[in-house]
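The task is simple: from the sequences and hints, build the whole structure.
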Amino acid sequence: MAASVLIEPQRNAIKQDGSPVASLREVTKKFGGQVALDRFSLQLHAGEVVALLGPNGAGKTTAVRLLLGLSQATSGEVKIFGGNPRDRASRLRLGAMLQVGRVPETLRVREHLQLFSSYYAQPRPMNELLAVAGLEGLEERLFGTLSGGQKQRVLFALALCGNPDLICLDEPTLGMDVEARRSMWEQVRKLAAMGKTILLTTHYLEEADALASRIVVIQKGKMIAEGTPEQLKSADGSRAIRCITSLRPSLVSAIPGVSSVEQDGQAMLVRTQTPEAVLRIMLQQDETLSGLEVRATALEDAFLALTNQTTSPTH
Amino acid sequence: MATMPIIYMNEARFELLKLSRNRSYLFSMIGFPVIFYLLFGVTNKDAVFHGHTIARYLLAGYSCFGAMGSSLFGIGAGLAFERGHGWLEMKRASPMPAAAYLLAKLCVSITFGVGITILLMILGTALANVHITTMEGLRLVLVIAAGVIPFASLGLVIGLVMPSNAAPGVINLVYLPLSFCGGLWMPIETLPHWLQVVAHGLPSFWFSRLALRTIGYVDGSAVVAWAVLASYTVVFLLAAAFIFRRQEAQA
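Protein chains in written order, with my numbering: chain A, 4 to 318; chain B, 15 to 265.
These are computed hints drawn from the structure, not numbers from a lab. Check the hints yourself; a few may be wrong.
Each computed DMTMM-like pair below joins lysine to aspartate or glutamate, with the alpha-carbon atoms no more than 25 Å apart [unchecked claim]:
#, chain 1, residue 1, chain 2, residue 2
1, A, 154, A, 180
2, A, 223, A, 90
3, A, 154, A, 131
4, A, 223, A, 80
5, A, 33, A, 114
6, B, 105, A, 209
7, B, 105, A, 143
8, B, 105, A, 90
9, A, 225, A, 29
10, A, 154, A, 209
11, B, 105, B, 233
12, A, 154, A, 143
13, A, 154, A, 174
14, B, 105, A, 108
15, B, 105, A, 168
16, A, 33, B, 262
17, A, 223, A, 303
18, A, 154, A, 108
19, A, 193, A, 174
20, A, 33, A, 174
21, A, 82, A, 108
22, A, 193, A, 41
23, A, 223, B, 150
24, A, 33, A, 80
25, B, 105, A, 174
26, A, 225, A, 51
27, B, 105, A, 114
28, B, 105, A, 303
29, A, 225, A, 303
30, A, 82, A, 139
31, A, 225, B, 262
32, A, 82, B, 150
33, B, 59, A, 303
34, B, 105, A, 139
Which stretches of chain B does chain A cover? Using the computed rule of at least three CB atoms under 8 Å from a CB of chain A, they are [unchecked claim]:
#, region
35, 22-36
36, 245-251
Predicted model, so just to flag it, every value in this text is computed and none were measured. The beta carbon of each residue, even a glycine, is placed where N, CA and C say it ideally should be.
The following block contains the structure:
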């Protein structure tokens, strides 16, 4: 079964030269009796875009906070650029966009950026920063007068102030409209092309799919899968056949190789690892079959399959 | 090229800018002492108590009141807000030195405290015939600036402990009784005896003694008052450090 590939995540790890930009090694984090991360290991290499994907409370934000030195591991080792994340030298090369409920509202966009830029040795020029974050024309606006998406863009700009080598984005496109989200994706890709390393947490599968060179799926503080979006999607090997047919579902599910049959409105959704063989039989038996579509499993399906696999049996 | 002094200066500059644009903060910080002084000091300008006019006494009292308010609200409510809404985490993940953040808040509290004092001196002189020599005025300003420190330290404790929405209410619960019992609103001698006894344990009382001493209302040594304020500062800072460490361990 292909799922075995996923259970041994290290086998899929992208081999890179040199030491990792950041690493969590066998990190456990407990809050009181609650285990938020359980012997979790993650290495980030230069130029990678890694998406941490997982349901709420899986430990994504905990992993980011540990990496930023905002929280101390109960056990295990956290390093960025070979040093302690709390060192000023480390932080000078790091940019972070966190989930902030409210930012001081009585400073102008330009002033917020100016202040953060002054923390760094080689800040990005202001006009460049405004362009990258899509804030041109908003620089004189008080933060409190911005829309939700614009506020997110200011936080993004703050993460980029110091022209950092490692950028951590915690749910970066939360509250953004489609257009703003696409343009942020574009910027993230440009940063990656510049050789920056990016770690992002997201609960939008589409976002992980669009951006990540590697996806790490966490659940209950443990890494349950790791790989490129393609690897994860093909991991269970199945494809989905969608068509309008007069065949009875019970008949279709009896065809060898069919793993599931669902009714999707008028259409029927058939999951199988051998779509060609299944289709041959279906077409033979139903000459009226129409609206045929065969597609690879969406990341969403792979994700659901993964997270269900590990929840259902024991609990 | 960012150097350390520039970070400290910027932090203070933007903190000042941020608060001076915040109307509700300005109203409670500057509005209250000014309005109270106009109501109770200026309108009673001819009343005399122990050889001093009420307007003169209250100039010192409301200067202390203003300084306490600017440090308790500026630091306490400000920190509770920024901590509670996650903004502080953004700053802590940046290379900003933690000291720059705290010193900026302290400097701004001192600036507001001193500003309120100067404003009250102008109002007292112009509207209530209060006579203050340059030397007296200068000494009052210095006492106010230094007296901000223990209340800023108390603000730090409140800001670390309180959730952001509860902080302003809790601060009022501390601020108003401290001001009243410390003799900031009326001469301490007019309060019931038992309250005067209680007052001797309060930092606000000793702060007002130091301020009143600069205008000649209180005689004698200032050593006890400074020692009490210094002890409160140490206690509050130790408490803040303890709370901060514990929160760090749980973070």
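Taking the hints in turn, this is what the structure says about them:
{"no.": "1", "hint": "A:154 x A:180", "result": "holds, 12 Å"}
{"no.": "2", "hint": "A:223 x A:90", "result": "violated, 29 Å"}
{"no.": "3", "hint": "A:154 x A:131", "result": "holds, 18 Å"}
{"no.": "4", "hint": "A:223 x A:80", "result": "holds, 19 Å"}
{"no.": "5", "hint": "A:33 x A:114", "result": "violated, 38 Å"}
{"no.": "6", "hint": "B:105 x A:209", "result": "violated, 30 Å"}
{"no.": "7", "hint": "B:105 x A:143", "result": "holds, 22 Å"}
{"no.": "8", "hint": "B:105 x A:90", "result": "holds, 14 Å"}
{"no.": "9", "hint": "A:225 x A:29", "result": "holds, 10 Å"}
{"no.": "10", "hint": "A:154 x A:209", "result": "holds, 22 Å"}
{"no.": "11", "hint": "B:105 x B:233", "result": "violated, 47 Å"}
{"no.": "12", "hint": "A:154 x A:143", "result": "holds, 13 Å"}
{"no.": "13", "hint": "A:154 x A:174", "result": "holds, 13 Å"}
{"no.": "14", "hint": "B:105 x A:108", "result": "holds, 15 Å"}
{"no.": "15", "hint": "B:105 x A:168", "result": "holds, 18 Å"}
{"no.": "16", "hint": "A:33 x B:262", "result": "holds, 13 Å"}
{"no.": "17", "hint": "A:223 x A:303", "result": "holds, 18 Å"}
{"no.": "18", "hint": "A:154 x A:108", "result": "holds, 10 Å"}
{"no.": "19", "hint": "A:193 x A:174", "result": "holds, 18 Å"}
{"no.": "20", "hint": "A:33 x A:174", "result": "holds, 22 Å"}
{"no.": "21", "hint": "A:82 x A:108", "result": "violated, 34 Å"}
{"no.": "22", "hint": "A:193 x A:41", "result": "violated, 33 Å"}
{"no.": "23", "hint": "A:223 x B:150", "result": "violated, 66 Å"}
{"no.": "24", "hint": "A:33 x A:80", "result": "holds, 14 Å"}
{"no.": "25", "hint": "B:105 x A:174", "result": "holds, 18 Å"}
{"no.": "26", "hint": "A:225 x A:51", "result": "holds, 21 Å"}
{"no.": "27", "hint": "B:105 x A:114", "result": "holds, 14 Å"}
{"no.": "28", "hint": "B:105 x A:303", "result": "violated, 35 Å"}
{"no.": "29", "hint": "A:225 x A:303", "result": "holds, 19 Å"}
{"no.": "30", "hint": "A:82 x A:139", "result": "violated, 36 Å"}
{"no.": "31", "hint": "A:225 x B:262", "result": "holds, 24 Å"}
{"no.": "32", "hint": "A:82 x B:150", "result": "violated, 57 Å"}
{"no.": "33", "hint": "B:59 x A:303", "result": "violated, 76 Å"}
{"no.": "34", "hint": "B:105 x A:139", "result": "holds, 23 Å"}
{"no.": "35", "hint": "22-36", "result": "holds (count 8)"}
{"no.": "36", "hint": "245-251", "result": "violated (count 0)"}
Checked against the numbered hints given earlier, this structure breaks hints 2, 5, 6, 11, 21, 22, 23, 28, 30, 32, 33 and 36; the rest are met.
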